[in-house]
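Both chains are sitting in their own frames, so use the hints and assemble them into the complex.
The chain contents come next:
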Amino acid sequence: EPEVTQTPSHQVTQMGQEVILRCVPISNHLYFYWYRQILGQKVEFLVSFYNNEISEKSEIFDDQFSVERPDGSNFTLKIRSTKLEDSAMYFCASSDRVAHEQYFGPGTRLTVT
Amino acid sequence: QQPVQSPQAVILREGEDAVINCSSSKALYSVHWYRQKHGEAPVFLMILLKGGEQKGHEKISASFNEKKQQSSLYLTASQLSYSGTYFCGTEMRSDYKLSFGAGTTVTVRA
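If you read the sequences in order, they're chains A and B.
Per the working numbering, the first sequence runs over residues 1 to 113.
Per the working numbering, the second sequence runs over residues 1 to 110.
The shape of chain B in the complex, shown without the other chains (with noise of 0.2 Å):
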């Protein structure tokens, strides 16, 4: 069963803010996020297992809701470097099998 990511894409300028939201309509045992720029790999940002915990990697911090099963990656105050695809994968148990969301295109300006 595959992530539902919103919005699709979203432009900001350099010092917004920004939430990136992944939901999935079966029990999650982890949320992972990923950003991929233009031609390159996936780069992992963060895991949330299940418990609602919330994790942060520089000024991009997430959550996990897990009554909503639904995760949320914060992008605060954001640089040019963090412009790309933000992927989130959702494993419904520990089953090895990420299922990747649609992405959303983030895009900052100066």
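Okay, chain A solo, but in the shape it has when bound (with noise of 0.2 Å):
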């Protein structure tokens, strides 16, 4: 069965570095998310991208973040410079058409220090 991958699984970095946080969606699918998850709370949406172009976006998601398609697999995305609250999982994921399901990756675990 296809499945949303990301990479890496954890990723650990100093407070105003930059980090690239690696999504590989499900071939086929046109429309891509990520979101977030701050330990034990909710799932933060982040942004939607659709056609090579952000399609929603949050509060959350400030000059400090983008996203990239670089190829025709991957979709990335970059914090420019880390905060300690940037700490949380960072989930892809990814669906075929508007009101459908999402499939979610497994999550990339970003720690700030």
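Everything hinted at is true.
Pairs of lysine-lysine, DSS-like flavour, derived with a Cα cap of 27 Å: (1) B/K26 to B/K50; (2) B/K68 to A/K42; (3) A/K57 to A/K42; (4) A/K83 to B/K97.
What follows is a list of derived Cβ distance ranges for each label pair: (5) B/H38 to A/L84: 19 to 27 Å; (6) B/S25 to A/E68: 33 to 41 Å; (7) A/E68 to B/D17: 44 to 52 Å; (8) A/G72 to B/T76: 39 to 47 Å; (9) B/E14 to A/G40: 25 to 33 Å.
None of these hints come from the bench; they were simulated from the model.
Even glycine gets a Cβ: it sits at the ideal position worked out from N, Cα and C.
Set out below in structure tokens:
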């Protein structure tokens, strides 16, 4: 069964450093998403991406964040200058159409020290 | 606009039933239900589109009351494997954005 993959599974970085989280969505999917989940809290929407551009973004997704689909398979989330409060589990998801099932990847645990 | 889930937590014995509610103050286009086990990614259960439809996944079913902008998830004859945190996700229109509720932690005991 096709699945969304994410790398790395765990990333530790120092405050102020840049990080890039990588995702490989399911191959025939067209809609891509990033979510984050701070430990013990709910899943929060960050951004959605369709047709090579951002469709929606939340208040969390400020100028420190950016997304890119550098080639036909990868979907990346970059945090330019990490803060302690960016520590969370970051999930990538994809779907084949709007208002349809979103398949979540296993997540990347980001720890900012 | 984030949906409101209730209850926050529920403890069941195997075989018991439970209802989880998800409500919004805004008109919804769709409601998604996910289950997340500790340390794992959310897993899709079902989606309901506006129109009052009802769906089922094994012995888990859900309904969507468009008038009340409320969805309910029904856990019937619960099994140990039903334990986890259930999140509803709502879309107010077809805008590629899913807002999740705070989650309901379900614990099923033998």
